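Asker: Kindly produce the complete structure, drawing on both the sequences and the hints.
Number of protein chains: 4
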Amino acid sequence: MPIRAVVWNENIHEQTNDIVRSIYPTGIHNAIADALNTDDAIEATTATLEEPDHGLTEDRLRQTDVLLWWGHKDHGAVSDEVVERVARRVWEGMGLIVLHSGHFSKPFKRLMGTPCALKWREAGERERLWVINPRHEIAKGLDDHFVLEHEEMYGEQFSVPEPLETVFISWFAGGEVFRSGMTWRRGAGNIFYFRPGHETYPTYHDVNVQTVLRNAVNWAYNPQAALTAIHDAPNVPVEQALEPIEERGEKLHQAGEAGYK
Amino acid sequence: MPIRAVVWNENIHEQTNDIVRSIYPTGIHNAIADALNTDDAIEATTATLEEPDHGLTEDRLRQTDVLLWWGHKDHGAVSDEVVERVARRVWEGMGLIVLHSGHFSKPFKRLMGTPCALKWREAGERERLWVINPRHEIAKGLDDHFVLEHEEMYGEQFSVPEPLETVFISWFAGGEVFRSGMTWRRGAGNIFYFRPGHETYPTYHDVNVQTVLRNAVNWAYNPQAALTAIHDAPNVPVEQALEPIEERGEKLHQAGEAGYK
Amino acid sequence: MPIRAVVWNENIHEQTNDIVRSIYPTGIHNAIADALNTDDAIEATTATLEEPDHGLTEDRLRQTDVLLWWGHKDHGAVSDEVVERVARRVWEGMGLIVLHSGHFSKPFKRLMGTPCALKWREAGERERLWVINPRHEIAKGLDDHFVLEHEEMYGEQFSVPEPLETVFISWFAGGEVFRSGMTWRRGAGNIFYFRPGHETYPTYHDVNVQTVLRNAVNWAYNPQAALTAIHDAPNVPVEQALEPIEERGEKLHQAGEAGYK
Amino acid sequence: MPIRAVVWNENIHEQTNDIVRSIYPTGIHNAIADALNTDDAIEATTATLEEPDHGLTEDRLRQTDVLLWWGHKDHGAVSDEVVERVARRVWEGMGLIVLHSGHFSKPFKRLMGTPCALKWREAGERERLWVINPRHEIAKGLDDHFVLEHEEMYGEQFSVPEPLETVFISWFAGGEVFRSGMTWRRGAGNIFYFRPGHETYPTYHDVNVQTVLRNAVNWAYNPQAALTAIHDAPNVPVEQALEPIEERGEKLHQAGEAGYK
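Chains as they are written, first to last, in our numbering: chain C, 1 to 261; chain H, 262 to 522; chain A, 523 to 783; chain W, 784 to 1044.
Derived by calculation from the structure, the hints in this document are not laboratory data. All figures in this text were calculated on a predicted structure; none of them were measured in a lab. Where hints are given, some of them may not hold.
A few chain W residues that face chain A, going by a derived Cβ cut-off under 7 Å, partial list only [as the list claims (entries may be wrong)]: (1) L925; (2) V930; (3) A1024.
Straight-line distance between alpha carbons at most 25 Å, and here's what the computed SDA-like set of lysine to any residue pairs gives [stated by the list, open to error]: (4) H:K512 x C:I23; (5) C:K140 x A:K773; (6) A:K773 x W:T809; (7) H:K512 x C:F146; (8) W:K902 x A:Q746.
Examples of chain A residues lying across from chain H (beta carbon under 7 Å, computed) [said to hold, decoys possible]: (9) F668; (10) E687; (11) L764.
Glycine residues also receive a C-beta, built at the ideal position from the N, C-alpha and C atoms.
Answerer: In structure tokens form, the structure reads like this:
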């Protein structure tokens, strides 16, 4: 069975901005999904902000292996309930790939626990992405670097937690650098942030970018069953202790009582 | 100038439970603050849930170098506004030491971005804490292990992000293990989680536990100025680029415009 | 094509000690290889100390995807040349799984850069391995813990570098704990250390241990081409710079000259 | 008592190359030691390759808190015995700061366990070092970046283990990036690699570089007693087990016997 990827897109600028629409006539989400679907191991569909539940019902998420997230103009419009739903699924093992301006999306900030802020400049300048972790699954098939001739600049400090591994670092013509590809694990879920993707440039039509996205979906996919137990804080009764112990000392809780949350 | 530590305590069980009151007649917060104040480098005060703003006004936090957090029975009573205030100060450089049942406190969950769940058993069993990172500042003055004869058991999986470093791992008589001391950096702030401290046992009167707490305050303290810029995502105008670049391509934003959040 | 695993064994105690021989009549290496070969994705063969080049010629290593290493009595007998050969292949992408007393093997110490020391006791005591990273590929199919009724104790501090991820922590009946499963990446190679496996107990016949070993081989396998460029420190001539620059200032090196090593 | 820093220098180019001599008339080691000694908390002395034991006797190292290492032309001339001595002291708690071309020095490669290779170009191009971890002790007093107008380029991949934390990332005019400041802990010792410092440019006279070096010495210093036990792998006899256990099963070792190494 292929990996079930869902490409989520805010899908606002495609409807309100002629430039963006001309580059992505069917929306960024469909451009990305099309690129993913060239990989037989992936079956990508899409979801957008305007759908009920933003297209991310409990049911849909339960059947999602990897979620990709693109948002920019209206992060605040995403309901907190859906954000929490996404976070819970990540902890259970759903992969999450956060794209470009999604650094400020609610699900990403929720899972990082930091501001996720950065410097930026929209000048169509040259970005060169260096592979600093060659043979990482996400860098498969890439040369030691690749170039995007026109991109928005993002500059450090990027206020995220120290990653598990850094895969890409970007060089910008205007003088900045940026950790453009980083991985984290949160619960059973693999998270990847990938920097490029400003909507006024044809970044998601770039062959190297598409390679990274396909690799990332394969990397983020956790084939094991959902770790639904991660939400519990079970009491282990004394009589079920793995080693024989006797209850001693004073107690707050009665047997079988739930803990405080 | 000494390190300004604030020991925050929910302070509920001390008022409602005779056992807890008999062990900590002036409250867990005062027992801990007294232990910290034996170190000339530390000046510890206290704050509790029942105070206005839970004792953590903007002003107070601005003058706090390291915050210690003990809560258990009513995490939900802590206002979201104060939680956000604490998180922001941590990102700016305030140290945070989370104690025992504080694993489920709102500020800790906010900063970790994970469930922070675990197994537990209240049986007064023996806990042996092993120093797995000797000569870490937090383990200063300790032997290779120390024992708490009566403690609540916490068992893995403890669903937190992979730490920067692990300092302690606990062995429990009933057969479980637990990563009892872990460090993270979030923004400019150092975070330490320390497991022991169930309120029905005299844990905070233990000399080794007190040593760990004093060490942890010294370790968590960041003497540099608050990193208030961490909340910003500044635009860098083309004409101020560090390397001369020309604006190219299409744009969404006007010069000087704030980014979307 | 299946993953080509090679199980390396010192193979001394099997020939000199009746107990060990009775448990592993064909040697620990064959017991492990047999367990691996029940996985269709793996094709395991063996190599031993006594063979020419210890069975690890350049050619053999070039055709090895994952190497497993068991040694105990005579680490010093392994030639430094073979150690260097193994290290180089790991950097190029060969997986390495180090077993039990292999913590003191030359290849492991070479790749860790630390003493890799620990406490130990040979008393056939109970070991309980806790999965602290559920849904990690190496823990696939395991419950939240498993028990080995008779094992040698290894206790912390285990002086290795902070790992990429910790998968298992062991509880011992005698009161110690140990990080029993840890991962590292060195160059393009994935490394896993797995604690159990004392030769006087039937550990490698244990079904959970065998599951871990099969999982670990699948995890450690890097399907990408060998990163042979990792040994080079190439000079990038000014005229081939990616951005046009002019040579300035004073120089030590002539164009095309190799760097100092 | 101040931190006892020793600045080690190969000290070859200062004697053989007019350019280098003109920039560092008393040697790179003295330039650095002078810069360190402006900090009252540091007492810096020097050692060079040509001295007996390269100036690093057992006695000298025992009295060294932090060692700085600059070498380039003749790494191979450093005796393996001294390398091992340095590594052992790092594991015991001595700080180590490796400078520029020291990436290929024997002690650094010994402690990293990887090739430590990189790309390079000697063209006097502009390097801009970005602080990606503001408020890290090593970045104290710096702005968000600083520039070295003429430096040798080092480019990724830099084949070192994933660091504890990354402090600096460099941008180069010719189009490359490099992780210019990284930290690791090995045993009880703190290690910092700092990229700049090509001998034909006046890098060590730069005020920002000097600030980093002073900060790094203060950061790397471990005030606790030497962890000499890190070299041992002690047997814990059954009768001294912390929890009462009975010896069971078969044994290889006699009581009190040393383990195999």
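Asker: Look at each hint and say if it fits the structure.
Answerer: Hint-by-hint comparison with the structure:
With its C-beta approaching chain A no nearer than about 24 Å, W:L925 sits outside the 7 Å limit, and its interface hint is violated. This hint is violated: W:V930 has a C-beta 14 Å from the nearest C-beta of chain A, more than the 7 Å allowed. Taking 7 Å as the C-beta contact cut-off toward chain A, the hint placing W:A1024 at the interface holds, the least distance being around 4 Å. At most 25 Å may separate the alpha-carbon atoms for a hinted pair to count; H:K512 and C:I23 meet this at roughly 13 Å.
Between C:K140 and A:K773 the alpha-carbon distance is near 37 Å, which puts this suggested pair outside the 25 Å criterion. Our distance criterion of 25 Å between C-alpha atoms is met by A:K773 and W:T809, whose separation comes to about 20 Å. Our distance criterion of 25 Å between C-alpha atoms is met by H:K512 and C:F146, whose separation comes to about 23 Å. Taking the CA atoms of W:K902 and A:Q746, the gap is near 22 Å; set against the 25 Å cutoff, the hint holds.
Because the smallest distance between the Cβ of A:F668 and any Cβ of chain H comes to about 12 Å, over 7 Å, the interface hint for this residue is violated. Proximity of A:E687 to chain H holds as hinted, the smallest CB-CB distance being about 6 Å (cut-off 7 Å). Interface hint at A:L764: violated, since its Cβ lies 14 Å from the closest Cβ of chain H, which is beyond the 7 Å cut-off.
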